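Visitor: We have chain E; now place chain Z onto it with these hints.
Protein sequences appear in the order of chains E and Z. Position in the first sequence (from 1) plus 84 gives the number in the working numbering. Position in the second sequence (from 1) plus 4 gives the number in the working numbering.
None of these hints come from the bench; they were simulated from the model. It cannot be assumed that every hint is accurate.
As the list claims (entries may be wrong) - Below, a list of computed lysine-lysine pairs in the DSS-like style, where the Cα atoms sit at most 30 Å apart:
#, chain 1, residue 1, chain 2, residue 2
1, E, K197, Z, K40
2, E, K137, Z, K72
3, E, K415, Z, K220
4, Z, K57, E, K432
5, E, K415, Z, K72
6, E, K192, Z, K40
7, E, K432, Z, K77
8, Z, K72, E, K192
9, Z, K77, E, K137
10, Z, K127, E, K415
What the hints assert, rightly or not - Simulated restraints, written as ranges between beta carbons of each label pair:
#, chain 1, residue 1, chain 2, residue 2, range
11, Z, D78, E, H200, 43 to 49 Å
12, Z, D78, E, Q279, 51 to 57 Å
13, Z, S216, E, R239, 37 to 43 Å
14, Z, W143, E, L221, 18 to 24 Å
15, E, L98, Z, R149, 55 to 61 Å
Stated by the list, open to error - Chain E side only, calculated, beta carbon under 8 Å to chain Z, not exhaustive:
#, residue
16, R406
17, R407
18, L408
19, L409
20, G410
21, R411
22, R412
23, K415
24, M416
25, F425
26, G427
Fair warning: this is a prediction, and the values are worked out from it, not measured in the lab. We put the beta carbon where it would ideally sit given N, CA and C, even for glycine.
In case you want the letters, here they are:
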Amino acid sequence: MDIKLIQHALTYLLFSAIGAFIWAPLLTKILYKYKITRRDEFDFTIKGDRNKKIGTPIMGGLLVIITVTVVTMLFNWNRENTYVPIGVMGIAALLGATDDLLNIFGKKRRERKISHILNLIKVHKKWRMRLWYVLILPWEAFRKSVSIFGSHPGRGIQVHEKLFFQFLAGAITAWWIYFKLGVQWHSLWIPFDGQVGVGWWIIPIVIFFVMFTANAVNIADGLDGLAGGSLIITFLGLMIISWTEGRVSFTLLNATVVGALIAYTYFNIKPARFQMGDVGSLGLGALLAINAIAINRTVLIPFLGFIFYIEIISVIIQVFCRRLLGRRFFKMAPIHHHFEFRGWSEEKIVMRFWLIHAFFVIIAIWMSLYK
Amino acid sequence: MPETLSPAAQKIIQGYLSLPFANVFGVRCPYFNNTKLGQRGQLKVLIGKGAPKEIVEEAKIISIQYCKGIFNKDGLCDVHLDHPAPHEQAECVRQFLVDNNLGVDCSGFVANILRAHFWETKKIDFARKLFIGNKINLWRRFIARLRPVEQISVAVLANDKNSQTINNLAEVKPGDLIIMLKTGPNKNHNHALLITETDGRKVKYAHARAWSGEGKYGHGAAEGIITVNDLNQGLLAQTWEEKGSVNQDNETYVEAKQAEILTIKRLWISN
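Next comes chain E alone, as it looks inside the complex (with noise of 0.2 Å):
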């Protein structure tokens, strides 16, 4: 193993965290004074001390994912390694701060029902207009069959239209691992075990875990410093496996995220400065699983986001018994919202979700380190 790539990464670590700690400050000032906050009308947490949360800005996401692109930008950028990755972050990651911002500014959404548009399809008098209703019938078909997963449907970006975007991003992460990295990539690292060929079943795979871990990330982000500490783990297990791998370019970037996630979470720990946000979120899980698609250990995502899976998997399963069994599985998912029912503190579920995950990451690096 190379020593100097790790005195190199290191160096990537500080620098990336000193600059997020000079700038955090600048980005708290631009949240408040734009007023991207917390509101109390629509928010579904517990009484009592979360009621400090309200006003607490959003978008501290934006902290890791501009410092991560400047630093690597700058420092790391070439187009084999680091123009996907963070090019499918930055998609993520608009995604992300778009939903943000119609949360804050948006207006609520006309939602028209499927049989609506059936008869304006009928009755319209423009020939122009019953031809869009055609047009528009299929996506509106689609909303509605994933509606059952949203919850409450706000203002922001609606489950369909993520899952869209979601989708993209995956497609163009497959498309570059397919066709960009060459017959090697089409085959799946197994632990103990080597390589599996697979072929174009690679682009499924990658959609998958694409759009399966950024939503588990952002689900995951509902507790200050649960996302941001259980991040750092995630991203220094990812800079370790790669640098066993001799993959330089991507312990660099790992090793950048770590840094940036550093001054995120100090300021993100209780009481939050500001918190991540969608913006954040949807980003650094799609990089988490970028990242860990392109170092070849795709089937280790459960073992390094295994925090962030539980708490999707809860979800799943809370929405499973709801809408099949008509009773809830857990008193509110995701799963950390159901110890804090039963009567856990935000530090306890934290720190001990913290220590978990890290065990899981460990695991993960362990059974990489088997070829």
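Guide: Relative to the frame of chain E, chain Z by itself:
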């Protein structure tokens, strides 16, 4: 010695009459019917089919989740702590339940009690044994397997494939149902009473109902007595007493009178 339902069923009835909250007593379960809201794919407790414990649990969750301030994180009632008059607390909680559509409808009430009764006495999941209907598609059949209690309506209970008619009042037993089909002033709803105790002269029943005179918050699970004056006469010839009101003042009796079909039914499963 009067005949009664099984202890588990009686416990459920008591649960509806005084919901099992940790530190509030005497909260009668309100009536809630999902017909107006028409919620689909929802928690069974939110469509009027919940058991007492489920209603209590959901009330706590809603209170905490939506910051209503009724229950604290430990599930204890948080209202009127400075002057904790029990009836005030109970009234507050009841209003909270009504405002949040938490309650039970008549068929949900009957189904949950009979489910406990048959499970204890015969180890049978009664809800899965009922005939739901021929006209439902494969998906509905699948859902009916997963959510049996939600599929049970008064019409299902009254279906001849599920129950037989009892013509003689002397034969009535606990677990039998008094079914009212097409009742109310507009003949647009059905209702079911569950017979809980009989001693030959008196028939006790329990049901979930909403009397028009009880306003927004007064309705809910209730018990009543039918005093059998003449075994050879029908149900309407007997004395119906509930909540201190007798016959014409008793809205349950009036509802029975308005019903196009008023009958006593016994589920086949209880044979």
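Visitor: All hints, please: hold or fail.
Guide: These are the hints, each one checked on the structure:
no., hint, result
1, E:K197 - Z:K40, "19 Å, holds"
2, E:K137 - Z:K72, "17 Å, holds"
3, E:K415 - Z:K220, "29 Å, holds"
4, Z:K57 - E:K432, "29 Å, holds"
5, E:K415 - Z:K72, "17 Å, holds"
6, E:K192 - Z:K40, "25 Å, holds"
7, E:K432 - Z:K77, "15 Å, holds"
8, Z:K72 - E:K192, "24 Å, holds"
9, Z:K77 - E:K137, "18 Å, holds"
10, Z:K127 - E:K415, "29 Å, holds"
11, Z:D78 - E:H200: 43 to 49 Å, "46 Å, holds"
12, Z:D78 - E:Q279: 51 to 57 Å, "54 Å, holds"
13, Z:S216 - E:R239: 37 to 43 Å, "40 Å, holds"
14, Z:W143 - E:L221: 18 to 24 Å, "22 Å, holds"
15, E:L98 - Z:R149: 55 to 61 Å, "60 Å, holds"
16, R406, "6 Å, holds"
17, R407, "5 Å, holds"
18, L408, "5 Å, holds"
19, L409, "6 Å, holds"
20, G410, "4 Å, holds"
21, R411, "6 Å, holds"
22, R412, "7 Å, holds"
23, K415, "6 Å, holds"
24, M416, "6 Å, holds"
25, F425, "7 Å, holds"
26, G427, "6 Å, holds"
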